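Peer 1: Please build the complete structure, drawing on both the sequences and the hints.
Chains as they are written, first to last, in the UniProt record's numbering: chain A, 1 to 344; chain B, 1 to 344; chain C, 1 to 344; chain D, 1 to 344.
Hints listed in this document are in silico derivations from the structure and should not be mistaken for laboratory results.
Note that the structure is predicted; figures quoted are calculated from it, not measured.
Just so you know, not all the hints are guaranteed correct.
Said to hold, decoys possible - Simulated pairs of lysine-lysine, DSS-like, Cα-Cα distance not exceeding 25 Å:
(1) A:Lys-40 with B:Lys-164
(2) D:Lys-164 with C:Lys-164
(3) A:Lys-40 with A:Lys-89
(4) C:Lys-40 with D:Lys-164
(5) A:Lys-164 with B:Lys-40
4 protein chains.
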Amino acid sequence: MARYGILTSGGDCPGLNAVIRGIVLDSDTGLNDFTYVGFKDGFWGLVYGETINLDRSAVRGISKEGGTILGTSRFGPYTEPDGGPDNIKKALERIGVDGVIAIGGDGTMAAANRLYEDGIPTVGVPKTIDNDLEATDYTFGFNTAVEIATEAVDRLRTTGNSHKRCMVLEVMGRHAGWIAMYSGLAGGAHAILIPESPESVDQICAWVTSVRDRGRAPMVVVAEGFTFPGMEEAHSHKGLDGFNRPRLGGIGEILAPIIEERTGIETRATVLGHIQRGGVPSAWDRVLGTRFGFAVPELIADGGWGQMLALRGTDIVRVPFADAVGHTKTVPLDFYGEARAVFG
Amino acid sequence: MARYGILTSGGDCPGLNAVIRGIVLDSDTGLNDFTYVGFKDGFWGLVYGETINLDRSAVRGISKEGGTILGTSRFGPYTEPDGGPDNIKKALERIGVDGVIAIGGDGTMAAANRLYEDGIPTVGVPKTIDNDLEATDYTFGFNTAVEIATEAVDRLRTTGNSHKRCMVLEVMGRHAGWIAMYSGLAGGAHAILIPESPESVDQICAWVTSVRDRGRAPMVVVAEGFTFPGMEEAHSHKGLDGFNRPRLGGIGEILAPIIEERTGIETRATVLGHIQRGGVPSAWDRVLGTRFGFAVPELIADGGWGQMLALRGTDIVRVPFADAVGHTKTVPLDFYGEARAVFG
Amino acid sequence: MARYGILTSGGDCPGLNAVIRGIVLDSDTGLNDFTYVGFKDGFWGLVYGETINLDRSAVRGISKEGGTILGTSRFGPYTEPDGGPDNIKKALERIGVDGVIAIGGDGTMAAANRLYEDGIPTVGVPKTIDNDLEATDYTFGFNTAVEIATEAVDRLRTTGNSHKRCMVLEVMGRHAGWIAMYSGLAGGAHAILIPESPESVDQICAWVTSVRDRGRAPMVVVAEGFTFPGMEEAHSHKGLDGFNRPRLGGIGEILAPIIEERTGIETRATVLGHIQRGGVPSAWDRVLGTRFGFAVPELIADGGWGQMLALRGTDIVRVPFADAVGHTKTVPLDFYGEARAVFG
Amino acid sequence: MARYGILTSGGDCPGLNAVIRGIVLDSDTGLNDFTYVGFKDGFWGLVYGETINLDRSAVRGISKEGGTILGTSRFGPYTEPDGGPDNIKKALERIGVDGVIAIGGDGTMAAANRLYEDGIPTVGVPKTIDNDLEATDYTFGFNTAVEIATEAVDRLRTTGNSHKRCMVLEVMGRHAGWIAMYSGLAGGAHAILIPESPESVDQICAWVTSVRDRGRAPMVVVAEGFTFPGMEEAHSHKGLDGFNRPRLGGIGEILAPIIEERTGIETRATVLGHIQRGGVPSAWDRVLGTRFGFAVPELIADGGWGQMLALRGTDIVRVPFADAVGHTKTVPLDFYGEARAVFG
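Peer 2: Written as structure tokens, this is what we have:
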């Protein structure tokens, strides 16, 4: 009988609890001879051997809860003084854990890979709200974020139309514009601005103006990582001392006054923020999380240490950590081109 | 046969379209001999005689749509150069409209009262997201805003719990804290900060700390109009030139770094903003809007010019404009006291 | 220091947990010197002295959960062999409980009144999905049910319009048509059929036909307790043996084939059923439940045994059991008349 | 300049309007020289040349609306007297339409293929709530149905837990159990019953009993096409005349009383019905529909008559009708096995 420890690391994400539950239910099926325990607050719990009991009753009803019952943190297993493979091996031995199941994003998978290469049996489950992991078609959490962002677009449009305003919605996506692209398409935005494709203020204002000229209220969805030529300058203001200083606020709050000034259309920004990543997961994310969870014991039983699960089409597949980490999946330009063709 | 013109003025609000539909359906019942027309963009349409056709097909299915099909604006019938009672009377005569149905907030009702006193037949329907009109138990829009804000609280809590963060949610409410109070109670916030009851930073941090000490993630809901002693100073920063200058951002963004610094608990602010006021109205707001709408033709048929509708208990009642305007309904201190007793 | 026991009885209802939490939070405020315990499964737990521990951690986060953490049943404290006041007094003494807080509908309040008259200190909190208690403006659970039913109307309308079908939705309401009335008004139904106002099949079909003739898909909302002249006959079929026998199914399933046959319009029935009463409560119901909960310790502290809480306007008030029980609050005919005027 | 006609056929499905909008927006991009028109009510409009104007303003805001703005029907282009290729060709010529875009399920694609083989330029977009088309990973509408069914599971569980009842939810899926499988997994059902895998009443009752024995309320999700050995007999009752006669009601209503009788656990059935297929589409379904819509003009521009679009992984691909029709995609047994391992 083997005992494995689960950790969730990095930003929280709807679907984490479904993965945990999917894994733990295995201990009741009799298919494998495994039991499971949770590490508290990500790699912190791994390094200090702080665990949470995980049996069937501990995971009852959790797949519909946001966040993670294990807690999470940005604690790095190699960067913190008490970390490192030797300490972790000792901790695992002390608490009687035979291997690590790491659920997290690209950074977590890189750390998991290093643990694996340092001789600690480790498997991974990919997680990112932003959907920007190359190795998998989709990650859980993304679907929920898109649903929430789309509802925000739907709500803002009615205000925009009633007041003839341009509404700008800033959504997550530092390196890839997936949430902006999906919620913008779903909500019928007139411009979708993503990091993959910088656009000039002139172009953005041309889109906005053309919508107004058709008698509609322009709706702009912008990913937080979008940039435009001249942004830095626009994003600063001259102090009384004559020096330029950066303004507070994100890209949405930078763009709105520029659009308003250039087009003469009253413009309002909304920053969706943390609301995108918490709360009840969509059914899709619960299913994806559950399927990843079901697949973990199988992966371990097959001796698949050093591998990460991924979704390809409708199948759960396995990818070596080494092939998975470090590749950001951005929105392909032809996908963007399709959407762009109908802007304005 | 008489013809009446409907206008919606001020900020948009879920339920406006239900009122419009409720009124217009009257023209099909044969109960009264009235027809209806809409004024474009609030008092602007009244002053310039710009109207929108309103028959049964124009209002089909609109009660479930946010915003207002008539458009709205903050155009004042007395403050704009082309306004004033004489011009408005001429416009009404020219387009053949016998009376005005004004749907709006306190400012709109005050203007409607002035129109009435200047001899223009006018009735009113109260509207405010903030629920701060004294004359009525509830206004439509408020319920939808509370549902949206509560969902945000629910979502933020899971993130807070996963990361052991303090989450601060800023909701609408410049003069009254109704949305904060209701969404905070519904979401189980550990502190609800409202304009009616300034609290010191020490008190807020004591609540936050006591939650953390119980092992929970503190959830703070704050109305945009909340203030605390020393807020102005806290809300500024010393420039390189040695002068203090106001920071951008609302109360949520002011409070979060202060809480973090004082308590040592990582703290994040979310500003709900425009999402609170757009989109599909709750069933409650559609019913309240519809009932107000049904009651307007009756009010006019009874010659009730100069009056506004209101909700008292489960009844739609009538209140003279003169009694209704200028009274802000704030959260009573004993209501706040009940909630405050369980903070922290 | 006194100790009081809470029970939830009858059908489950969104908002019950908010009441329980609201009461229990009192024990932490220091305002009163009370502690609380739960009775398992309604009056069953009272009779058998089966309790559930209720401290702050037991009620954490429950106000957003449907159902009741205490369990519920239709067990009657007087009708079951082990019940009766003497047994109950003994059970209370044995487990050290000084008074009973009964949360339930009309039947529960009647039983609570009898307990009170038999010398057992008892207070009540009203609960019914159907909103048919005369003593209170609204009960929690009703608002959630209306939101769910309204979403169903919204969904069915798009199917009806696409297929040019008449859609019939059956909602709860055995003795009063509140859910049908509110969800029908909110969803813009073309006919709302309630127990308070039997309508003939001819009348119903006239409404349905007039909608079709305007090119729309008729939407009918019917409360389960609605009847029409000749219903019994329609609701039976002649067996091979020549005898009439009742058909299975509720009023929706009875009406749909009759409407289809009489009007020639394809007609489909949907029975919403249990979905109306479970799951996440609306913010409104959580607030109402919480306020009732807050008011219970105060009521007890004031010695208010034999009384029930109620909502009047925006106030929580107190009503003697004797005045509250046995009065069904039906939809007033003038309310129905307003809605009826726009049918068809 | 060419002109193409769009039709939607078969049951309505969330996402249809997103497809229509996606296609029509092409006419504004200048990428192709195409214009579009809609056929009324599916193949009926094709046969009789009844069209609906489709320009940008006609498709404004429709992607968030359920159903289809074109109307739909089960009218068959070959089975109806006025149908057949010659009549259709004449109709197309008369109204100046150069090709047909058919959006529908397996039957629609089969008819589209026949039209294509009979010389009428036709392309297809797959549509089915049930997700049972082999050629595509997912169809739009399925995701929305799963979200709705999952919310129903969530709601029913709280009622089940409060009353210690077994709750049975019947969802769509005549030939394939995808909706049951996904909503059951997402909602944490204790048994998921699908057409692909008949289970005995003994097995079902063993699952139900084991849940009860753990102190939980059993939740069963059953697809409408599920069968069990002996079902026919169970589904009939002996009349006074001594003959067996089929009972009304679907599989949920058949199973519930059997479970109750066999296990002694109070059991209630809910039939979700039409609610699953109407109303606001999920963001996912709007994106999938929009992407299909964007891909249609490209497909036509490439001369891809006789082909259907499909989703493979994250790509929109093309499949000849001949390869696509007639293959039902059922839930693979290993997928079912994963879920089954945790039942009870």
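Peer 1: Holds or violated: Lys-40 (chain A) with Lys-164 (chain B), Cα cutoff 25 Å?
Peer 2: At roughly 12 Å apart (the allowed maximum being 25 Å), Lys-164 (chain B) and Lys-40 (chain A) satisfy the hint.
Peer 1: Quickly compare the C-alpha distance for Lys-40 (chain A) and Lys-89 (chain A) to 25 Å and report which way the hint goes.
Peer 2: 17 Å, holds
Peer 1: Is Lys-164 (chain A) close enough to Lys-40 (chain B), meaning Cα to Cα at most 25 Å?
Peer 2: 12 Å, holds
Peer 1: Quickly compare the C-alpha distance for Lys-164 (chain D) and Lys-164 (chain C) to 25 Å and report which way the hint goes.
Peer 2: 41 Å, violated
Peer 1: Is the hinted pair Lys-40 (chain C) and Lys-164 (chain D) satisfied, with a Cα-Cα distance of at most 25 Å?
Peer 2: 12 Å, holds
Comparing the model with each earlier hint shows a violation of hint 2 alone; every other hint is respected.
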